[in-house]
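> As numbered in mature numbering (1 follows the signal peptide of the UniProt record, and there is no 0), residues -30 to -1, 1 to 358 make up the sequence shown, in order.
Treat the hints with care, as some may be off.
Pairwise CB distance ranges, derived in the manner of DEER restraints [unchecked claim]:
#1 Y140 <-> Q22: 31 to 37 Å
#2 F14 <-> G47: 48 to 54 Å
#3 V72 <-> D301: 38 to 44 Å
#4 E162 <-> T296: 27 to 33 Å
Each computed DSS-like pair below joins lysine-lysine, with the alpha-carbon atoms no more than 30 Å apart [stated by the list, open to error]:
#5 K20 <-> K167
#6 K20 <-> K299
#7 K20 <-> K340
#8 K247 <-> K261
#9 K261 <-> K300
#10 K18 <-> K179
#11 K300 <-> K340
#12 K53 <-> K109
#13 K299 <-> K247
#14 K247 <-> K61
#15 K25 <-> K340
#16 K292 <-> K18
#17 K109 <-> K321
#18 K179 <-> K321
#19 K262 <-> K300
#20 K179 <-> K262
#21 K247 <-> K41
#22 K167 <-> K261
#23 K262 <-> K321
#24 K20 <-> K41
#25 K164 <-> K340
#26 K53 <-> K20
#27 K53 <-> K18
#28 K299 <-> K261
#29 K321 <-> K292
#30 K53 <-> K41
#31 K292 <-> K340
#32 K340 <-> K247
#33 K20 <-> K164
#34 K292 <-> K41
#35 K300 <-> K53
#36 K167 <-> K340
#37 K261 <-> K340
#38 K143 <-> K179
#39 K61 <-> K299
#40 K167 <-> K247
In case anyone wonders, no lab produced these hints; they're calculated from the structure. Being a predicted model, the structure only gives us computed values, none of them experimental. The C-beta atom is built at its ideal place from N, Cα and C for all residues, glycine as well.
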Amino acid sequence: MIFKEKFSMNIKIIKSAAAITCLTAMSAAAASSVSVYGVIDTGFGVSKGKGQAAKVQAISGGNAASRWGLKGQEDLGGGSYVKFVLEQGLKINNGEGQTSGVLFDRDSLLIIGGRWGELGFGRSGSLMGTTGYFGQFPKMSANPMACNYLDAALIGSLVNSGMLNNSVTYQVKPTNTLTLTAQYSNGISTDEAKWAKNNHYYGLSAQYKNQGFNLGTIFTVIDYRQSGANNGADSDPTYNLFFAVNQTFDQTRVHFDYQHVWNSRSLGGGPNAFYAKDLGFGSTAVVKGSKKGFRSDTFVIGASTPLAGGRIFGAFKWNVGKWQGTSAKKDADRDGNRWVASLKYQYPLSKRTLVYALGTYARGTGMFNKAEAKATRLLTAFGVQHNF
């Protein structure tokens, strides 16, 4: 039965993709504003966690997340327009979609815009993240590594807010140098329950950008009303505050970031996330029932500069975390530190193709010792990235 359901879902996704491809081909003939775009990034990675044997694996999205998408725009006159963005993440090494059961997992947006700003509806990346049309980390040039691979990624140490279903986002540029964004999700995963029983997200961001100088801040709130994999229905809200500042001197860019999180349900984000159950505080049932979460401070410094026809990137990230919630073990270490040192070199082969090599070393102490194979590790990767 499970096999039949999964097979049926895959057939539906394949049919949907085929139909959209056909529509795109017809639309492209009639309207030049519709286009297909994407990134293909593939290579190999070597990882060695503390106490573990080294592994060599084919990877996808080592430097930039592999993806393809459709976008289009129609002029409504008077400076107003409507556009759409449909974007799917890909695993190039095996051909799978990044998110099982979701066709356009990175963006599924309809946007209405004009001189007054842009208003977007649908599935989108949160402001506190790298993904999608409204993700603010790339817009603020916040990641000094400009890289997506595990510990080298900004969410290798920072807590992000993930993807948002049922979202509404408003973005406006009052001046040429200032961008303001507000975002709301009516139900982060689903909004089928009554309003008071859905998990809600609220976000605000501001960015000032002028002559090589970037200054940005993001503040988000996740209000838990439904029990999830790592939270209870009455867990305290997660408050997340982020600052980024970077400056270009000639061709060298210098970065500094800071994040403070109250009542986070994890440390780090995405595949790098450490949950309370991973750090020795008890079973999933015990820790998800805790109203309190992690308190976390993260500092990031880094720089990049031209070298031998390419560009070299370096960064150091330091996370200080504390579990404030319930623990099944009274003597468990509730505090921990984890730092990550990263280095990357990339070289352009053409305007749209580059090769890269990178390495990171991470070390965790205190509560991170409970997950030492992941917290303390050496990672290297090399690959090719092509944009289309």
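> Check each numbered hint from earlier against the structure, then list the numbers of those it violates in ascending order.
1, 5, 10, 20, 21, 23, 24, 25, 26, 27, 29, 33, 34, 35, 36 and 39
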